[in-house]
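Protein chains in written order, with my numbering: chain R, 2 to 363; chain X, 199 to 562.
These aren't lab readings, by the way, just hints derived from the structure by calculation.
It cannot be assumed that every hint is accurate.
[Said to hold, decoys possible] Pairwise CB distance ranges, derived in the manner of DEER restraints:
{"no.": "1", "chain 1": "X", "residue 1": "548", "chain 2": "R", "residue 2": "267", "range": "34 to 44 Å"}
{"no.": "2", "chain 1": "X", "residue 1": "476", "chain 2": "R", "residue 2": "305", "range": "41 to 51 Å"}
{"no.": "3", "chain 1": "X", "residue 1": "221", "chain 2": "R", "residue 2": "189", "range": "41 to 51 Å"}
As the structure is a prediction and not an experimental result, all values here were calculated from the model.
The beta-carbon is built from N, C-alpha and C at its ideal position, and this holds for glycine as well.
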Amino acid sequence: MTAIELSRRQLLGATLAGLALGATAAVWPGTARRIYSAASDRANQHFLCCWADGALQFKVPCPGRGHDVLLNPLTRSALYFARRPGNWLTVLDADTGALQARIASPAGRHFYGHGTLVNNNALLLTTENDYASGGRGLIGVYDCRDGYRRVGELDSGGIGPHQLATLPDDTTVVVANGGILTLPGSNRDKLNLETMQPNLSYIDSRDGTLLGQWQPPHHQLSLRHLDVSRDGEVVVGAQFEGDPTLALPLLFRHRGEDRLQALTATDPVWRQHHNYIASVACAGDAVIATSPRGGCISLWRNGEFQQLEQLSDVAGAAFDAKAGTFITSNGRGQLVQFNQQGLSLTGRVAELRWDNHLKVSS
Amino acid sequence: MTRLPTRFTFLLAVCIFLSACGKTPEQQLLQATGSQALLPLHEKFLAESLTLAQSSSAFCSQRTRSSTDLAALRNRWVGAMNGWEGIQSIQFGPVTEGNRAWKVQFWPDRKNLIARKTEQFVKGDDAITLPALQEASVVIQGLSAMEYLLYDKPAEKLLRDEGQPYCDHLRAAATNLHQVADDLYQRWHPKGGNYLGTWQSPGPDNLAYPDRNAAIGALIETLVYGLERIKRDKLERPLGLSSAGQANPFLLEWWRSKQSREAILINLHSLQLLYSAGDGAGLEELLSRRGKEELSQQVTALFDRAISATASIEGSLSENHNEAVNQTAINTLHQTLGELLAAFKREIPTTLGITLGFNANDGD
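I would like the entire structure built from these sequences, with the hints used as guidance.
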């Protein structure tokens, strides 16, 4: 499918469009809070899970480790992405866990583990590695209304595109190009740490136009995970691949400025994150970031550090708008609430290790 | 006189036996490892850092300072450094909060930040005081900066009047180190923050340790971390082993004081102590009780082999690592560390049904 075809499809969708939904939270009116995440057990079997009311609602086996999950109210689906370099994307009924669709990445491509929805949830965009042509970063386009059929692809604007998100205009996507070249045959080895060029790119999802691109202040700050606030501010977290004794800012925000704005904290606060941010979640002027290597969650407000809490192996993070609290998950099967009062246990599935990211519907 | 300790020892043994009754092997492991390894190791660091703080203060208060005084103070620094090396591998509890590890040691120092920042601090306009040091970069707050002051260019200045600013820095860093050591100890101790109690009481309401496996997992992760640190950061990278590129002795730990080999030796002794809990019911015994007597003994033998290989290295790692006489010892140590790592990363967690860091080891 060409860019023009995509554009026409988008325009058709746009005429039917109502209000754009928030980019990060799906809303299931009138239902209890449900938490969606991939997980693995001690026997290293992998599952696509939904947890609610103190128990697992479903636990569907999958072929390998999952990474992120996305909720689509339009098709009432939970979309689970394979972890890099996986080639599967599984769409489950978000209520029952019944299989709705199973998508494989095209030959010579693999998924990076993240996706986002545009055009009133009608189109799914995923980050992909065109490894057959040496590692070009791509965004795959899928039609949610047609069984998540692949309908096109766009250039991601860099190597190693990781997480991407939709801006409030429901058209522009922002993608963190991590800059790190990996190829499926090379055992997840990072092949270009000396020359990597990460960036944050804004792309028009209708035709792939690169609308803007920003680099972090150090070329080894791999931009990976991000979230977008309701007013369109992007907060992106980095993983530093350089000298591990350095303490660099690992979180940046951006909304129209001519460079990425580092969040402010003292060196010791950055050091606590061990050069590694796993998830970023926004809520109003607040942001949390998780670091499994640092075993900590940090809270930021208006770009400034507020609070840090310790939690082993924490990675997943999302905002539960209804409860007004952040939810985090870790490799010990815990789901832990985080607010200004600190941490409190929401639930635990002892036999599971929650994988990197989660989503909440409430 | 001789009967009293014997009777006391007997009573102590009875008490330990009675308190151990009714406890599961896992509970006994947490108790024994805490009382035989974790607390004593932190206590040693506290005691040595206090001695260093007192000695530094006395040294810097003297009107004249001799090279004999300097040599004695260096020995106190080695003592405190050894105390730190005993707990350096511990990756759970108070040391993981508030960058305490960074405040104690800044290493590796690829850009010679220690020398640069120490000189800036000493030559700056502000008074060299403990609060000023604690506000400054962690790079110059602890043992690493003190090593520079005691063993590098500032050392000879310490003996002259012009060296007073260096001595003020030395004294402030030693006091800061002692405060960190004291803070760590208090936070572990049952009469203080009682992190030991948190670790020894796993359960659903314990956020840090929701079950026994999580608590024992933290111990195994510490063993893995400590062994990896020796293998990769203390041997491979500085000595250019295993395709780690060219040797760069400035990446060695404690290259200025030539204590790299001793630090490894102390790490290995403390890791073995964390494994065995002395003669207590540690991980070593738990493996035997789970029918893995052979694995348990094999790991003990590997620790013994690694320790004797390290002890047999002649001279210092920075100057003598290339000498033929040391090649066998270094290779044996390196290979043995690989075997220990395989045991702690795979066989032992599998045997005990324990999951080590999941997301923390992910890299995505």
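Right, here's what the structure says about each hint:
| no. | hint | in the structure |
| --- | --- | --- |
| 1 | X/548 x R/267: 34 to 44 Å | holds, 41 Å |
| 2 | X/476 x R/305: 41 to 51 Å | holds, 48 Å |
| 3 | X/221 x R/189: 41 to 51 Å | holds, 42 Å |
In summary, this structure violates none of the numbered hints.
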